[in-house]
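S.K.: One-letter residues, chain by chain:
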Amino acid sequence: MERQEALKLYRQMLLIRRFEEHAAQLYVEGQIGGFLHLYIGQEAVAVGAMSLLRDDDYLLSSYRDHGYALARGMDPGPLMAELCGRSTGVSRGKGGSMHFYDVPRGFFGGDGIVGGHLPIAAGVGYAIRLRATDQVCLCFFGDGAVNEGAFHEALNVSALWSLPVVFVIENNRYGMGTSLDRASSVKDLYQRGSAYGVPHTEVNGMDILAVRQVLADAIALARKDKRPTLVEAETYRYRGHSMSDPGKYRTREEVEEMMKLDPIQHFAGHMTDVQHVGQPELEAIDKEVQGIVEQAAAVALKSPWPEAESMFEDVYVRSPFIHAAAAEKDPAWRAAIREDRVVGSAASEER
Amino acid sequence: MAVLTMRDALNQALREELARDASVFILGEEVGAYQGAYKVTQGLLAEFGEWRVRDTPIAEEAIAGIAVGAAFVGMRPIAEMMTFNFSMLALDQMVNHAAKYRYMSGGQVRCPMVLRGPSGAAAQVAAQHSQAFEAWYAHVPGLVVVMPATPKDAKGLLKSAIRDDNPVVFMENEVLYNVKGEVPSDEYLIPIGLADVKRPGKDVTLVGWSRSLHFALDAARQLEAEGVDAEVVDVRTLRPLDEDLIFASVRKTNRCVIVEEGWRVAGFGAEIADRIQRECFDDLDAPVLRVTAADVPMPYAKNLEKAYLPQPEKVVAAAKKVLYR
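Chains as they are written, first to last, in our numbering: chain A, 1 to 351; chain B, 352 to 676.
Quick caveat, the hints were computed from the structure, so don't treat them as lab data.
It cannot be assumed that every hint is accurate.
[Unchecked claim] Residues on chain A that point at chain B, a partial pick, calculated with CB under 10 angstroms:
| id | residue |
| --- | --- |
| 1 | Ser51 |
| 2 | Gly89 |
| 3 | Ser91 |
| 4 | Asp102 |
| 5 | Phe108 |
| 6 | Gly116 |
| 7 | His117 |
| 8 | Ala121 |
| 9 | Val157 |
| 10 | Trp161 |
| 11 | Gly177 |
| 12 | Val277 |
| 13 | Gly278 |
| 14 | Ala325 |
| 15 | Lys329 |
| 16 | Glu339 |
[What the hints assert, rightly or not] Just some of the chain A residues that point at chain B, by a computed CB distance under 7 angstroms:
| id | residue |
| --- | --- |
| 17 | Ala24 |
| 18 | Val28 |
| 19 | Lys94 |
| 20 | Val103 |
| 21 | Ile120 |
| 22 | Ala150 |
| 23 | Val315 |
| 24 | Tyr316 |
| 25 | Phe321 |
| 26 | Asp330 |
| 27 | Pro331 |
| 28 | Ala332 |
[What the hints assert, rightly or not] Straight-line distance between alpha carbons at most 30 angstroms, and here's what the computed BS3-like set of lysine-lysine pairs gives:
| id | chain 1 | residue 1 | chain 2 | residue 2 |
| --- | --- | --- | --- | --- |
| 29 | A | Lys260 | A | Lys8 |
| 30 | B | Lys503 | B | Lys531 |
| 31 | B | Lys503 | B | Lys553 |
| 32 | B | Lys503 | B | Lys657 |
| 33 | B | Lys553 | A | Lys329 |
| 34 | A | Lys329 | B | Lys603 |
| 35 | B | Lys549 | B | Lys665 |
| 36 | B | Lys549 | B | Lys657 |
| 37 | B | Lys390 | B | Lys553 |
| 38 | B | Lys653 | A | Lys329 |
| 39 | B | Lys653 | B | Lys390 |
| 40 | B | Lys503 | A | Lys329 |
Just so you know, these numbers come straight off a predicted model, no measurement behind them.
All residues carry an ideal CB built from backbone N, CA and C; glycine is no exception.
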């Protein structure tokens, strides 16, 4: 790997880590509400996989979505503002932690229904085939999603019609508080691909280099041969399912044992030993991303709350096929009809 | 003008939109090689090929979800539910995804898709295959709900639904597929959200949509023989609802009966009745009455099925009641 590329990946993982640590602090302070699902411990999966995507590729994720957004290059400022429920948030304060999107970058979210975005990813893959381009779609989800019917329906049609979708199970061993052992009859989740003739493989999700190696093959298979792959990345989340989870279903020893495999520490070893990056340079990166995160939080907390009227915006798209006089009676339609903001929806059409 | 069945009118709409716009495609169970479980998609596979007329496995969540995903990236998918009874398996995709992503993304995402197929009772297919779920879909902000009753409306509204950038739930009716009517030969669209007076009258307003509109029209013919001049309003679109046209009719007749194929409790007629009592209170000479399906699962036996539905005779009785006759 090129030194510059390695530095970029290291910086991204660290940015995600520091961003989420700061978000956890803001949550404790009451500045962030609702659910806050932290990705800490899993950074190598998002950063490694997405470092292989082209700008015109697509990705969808579950609600533990901060890492994908940052790895896709989204500005931490509007993300932090979204967590704080401000009008400057990436979703205008209507989505929160679980609902980050960046349509111009091909990132279709942040889905809060376990497994719900898997058929949607298949639909993105179907659109790619219809248009006969060589784009791919990456779809990230947790081990909890593999027991949903949507997982099976999506895998079946992806193999049946040869859709260029890479399905990535991030097996962090727990679906909320239920361990994999108590939820899945098959323990090696990647084996489930065999039921549908989907190529399948496992990878150490704590090792970004391994993740890149396996995902490079899967993405190439999708891009060139239009075939899906099911990848199981074995990883671990250090924090609870969400901030409100005390984590009593696992031992402190287990968590500490897994933290020894930390993906950022592991990659730091590669940086010093193989890339010959000095410790001071790594520390400078840490300081830089800390500054970015602190600045993002400071700006977010000074940003305005959403205007009351904005509640009715973004429900419908203004449309010449809707009878305006009738729709005017409904506040959500009225907002759509009077829509003059330029939002990312135009990009949706172009992509 | 040509006289077409609703089935053929819908088929024309699909064919014309597939030909007009390369981003339109159809997917669903038996839509291709079988020519459609109800033959609405007849001939389309041969004309447009398997990538644009896609036979799917029996997997309703995948059918709807694929449509949602393709719509997000700029396609205009039409997902067919063999019947809306099975759309309960696709409900998560419609309610939690199609209807929500635009909002949750602060306006970044759009979902220009159509979920269509027959809804309501057919003939003796019992409880799991005879349901009218329009109130479920109309309950959800973010969705558009269209229910045509005539071939002309079906074609013009389906073409609008396909071109519209919002997720549209387009509910047809198996019993109406063979109903014939005049359909313009030239290209036309009917705007979504526009109700229509299907029979002008002055004594009582009968409100219906899809098959219940025909129960109302039959009732109006029976009432005419008894000297009552009923006005029949076809809602055509449940969300957004053209309430002004309903109010105008009620202000003229001062009496209203709402006819629906769904169940009474939390049915869509309750929403219409609520709006009428708020906006037309001083114009009403009688309470607004609703004629609905019986509040039980649909029975199989022929006589029980007939008794379950909001038959024209029940509409006539309700109309007489609000007329105090």
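S.K.: Hints first: check each against the structure and report whether it holds.
M.R.: Checked hints:
1. For the restraint placing serine 51(A) at the interface with chain B, the shortest Cβ-Cβ distance is roughly 22 angstroms, beyond the 10 angstroms limit, so the hint is violated.
2. At a threshold of 10 angstroms, the smallest CB-CB gap from glycine 89(A) to chain B is about 7 angstroms, leaving the interface hint in force.
3. Taken as an interface hint, serine 91(A) checks out: its beta carbon lies about 4 angstroms from the nearest beta carbon of chain B, inside 10 angstroms.
4. Below 10 angstroms, beta-carbon pairs count as interface contacts, and aspartate 102(A) has one with chain B at about 7 angstroms; its hint therefore holds.
5. For phenylalanine 108(A), the interface hint holds, since its Cβ comes within 10 angstroms of a Cβ in chain B; the closest pair sits about 5 angstroms apart.
6. The criterion of a C-beta within 10 angstroms of any C-beta in chain B is met by glycine 116(A), whose closest approach is roughly 6 angstroms, and the hint holds.
7. The interface hint given for histidine 117(A) holds, since its Cβ lies 8 angstroms from the closest Cβ of chain B, which is under the 10 angstroms cut-off.
8. Here the hint on alanine 121(A) is kept, as its CB sits about 6 angstroms from the closest CB of chain B, short of 10 angstroms.
9. The interface hint given for valine 157(A) is met, as the beta carbon of that residue sits about 5 angstroms from the closest beta carbon of chain B, less than 10 angstroms.
10. Because the smallest distance between the Cβ of tryptophan 161(A) and any Cβ of chain B comes to about 8 angstroms, under 10 angstroms, the interface hint for this residue holds.
11. Because the beta carbon of glycine 177(A) sits about 23 angstroms from the nearest beta carbon in chain B, more than 10 angstroms, this interface hint is broken.
12. With a least beta-carbon distance of about 37 angstroms to chain B, the hint placing valine 277(A) at the interface is violated under the 10 angstroms criterion.
13. With a least beta-carbon distance of about 41 angstroms to chain B, the hint placing glycine 278(A) at the interface is violated under the 10 angstroms criterion.
14. Evaluation of the alanine 325(A) hint against chain B yields a held restraint, the C-beta minimum of about 7 angstroms falling below 10 angstroms.
15. Nearest Cβ of chain B to the Cβ of lysine 329(A): about 6 angstroms, under the 10 angstroms cut. The hint holds.
16. Below 10 angstroms, beta-carbon pairs count as interface contacts, and glutamate 339(A) has one with chain B at about 8 angstroms; its hint therefore holds.
17. A least Cβ separation of about 22 angstroms between alanine 24(A) and chain B goes past the 7 angstroms threshold, and the interface hint is therefore violated.
18. For valine 28(A), the interface hint is violated, the least distance from its beta-carbon to any beta-carbon of chain B being 25 angstroms, above 7 angstroms.
19. The interface hint given for lysine 94(A) holds, since its Cβ lies 6 angstroms from the closest Cβ of chain B, which is under the 7 angstroms cut-off.
20. For the restraint placing valine 103(A) at the interface with chain B, the shortest Cβ-Cβ distance is roughly 4 angstroms, inside the 7 angstroms limit, so the hint holds.
21. Of the supplied interface hints, the one on isoleucine 120(A) holds, with its beta-carbon coming within about 4 angstroms of a beta-carbon of chain B, less than 7 angstroms.
22. Hint status for alanine 150(A) relative to chain B: holds, with the closest Cβ pair at about 5 angstroms, below 7 angstroms.
23. For valine 315(A), the interface hint holds, since its Cβ comes within 7 angstroms of a Cβ in chain B; the closest pair sits about 5 angstroms apart.
24. Hint on tyrosine 316(A) holds. Least Cβ distance to chain B is approximately 5 angstroms, under the 7 angstroms limit.
25. With a least beta-carbon distance of about 4 angstroms to chain B, the hint placing phenylalanine 321(A) at the interface is held under the 7 angstroms criterion.
26. Among the interface hints, the one on aspartate 330(A) holds; its C-beta lies about 5 angstroms from the nearest C-beta in chain B, closer than the 7 angstroms criterion.
27. Of the supplied interface hints, the one on proline 331(A) is violated, with its beta-carbon coming no nearer than about 10 angstroms to a beta-carbon of chain B, more than 7 angstroms.
28. Checking alanine 332(A) against chain B by beta carbon gives a least distance of about 6 angstroms; that is within 7 angstroms, so the hint holds.
29. A C-alpha spacing of about 23 angstroms is found between lysine 260(A) and lysine 8(A), which places the hinted pair at or below 30 angstroms, so the restraint holds.
30. Restraint check for lysine 503(B) and lysine 531(B): satisfied, since their Cα atoms lie roughly 9 angstroms apart, inside the 30 angstroms limit.
31. As the CA atoms of lysine 503(B) and lysine 553(B) are separated by approximately 25 angstroms, the hinted pair is consistent with the 30 angstroms bound.
32. The straight-line distance between the Cα atoms of lysine 503(B) and lysine 657(B) is roughly 28 angstroms, inside the 30 angstroms bound, and the hint therefore holds.
33. Proposed proximity of lysine 553(B) and lysine 329(A) is supported: the alpha carbons are some 26 angstroms apart, at most 30 angstroms.
34. For the given pair, lysine 329(A) sits about 21 angstroms from lysine 603(B) by alpha-carbon distance, which is consistent with the 30 angstroms threshold.
35. Only pairs whose Cα atoms come within 30 angstroms are accepted, and lysine 549(B) paired with lysine 665(B) is accepted, the gap being roughly 20 angstroms.
36. Between lysine 549(B) and lysine 657(B) the alpha-carbon distance is near 25 angstroms, which keeps this suggested pair within the 30 angstroms criterion.
37. The straight-line distance between the Cα atoms of lysine 390(B) and lysine 553(B) is roughly 40 angstroms, outside the 30 angstroms bound, and the hint therefore fails.
38. Taken as a hint, the lysine 653(B) and lysine 329(A) pair is broken in the structure, with Cα atoms around 42 angstroms apart against an allowance of 30 angstroms.
39. With a C-alpha separation of about 25 angstroms, the suggested pairing of lysine 653(B) with lysine 390(B) holds against the 30 angstroms cut-off.
40. The straight-line distance between the Cα atoms of lysine 503(B) and lysine 329(A) is roughly 26 angstroms, inside the 30 angstroms bound, and the hint therefore holds.
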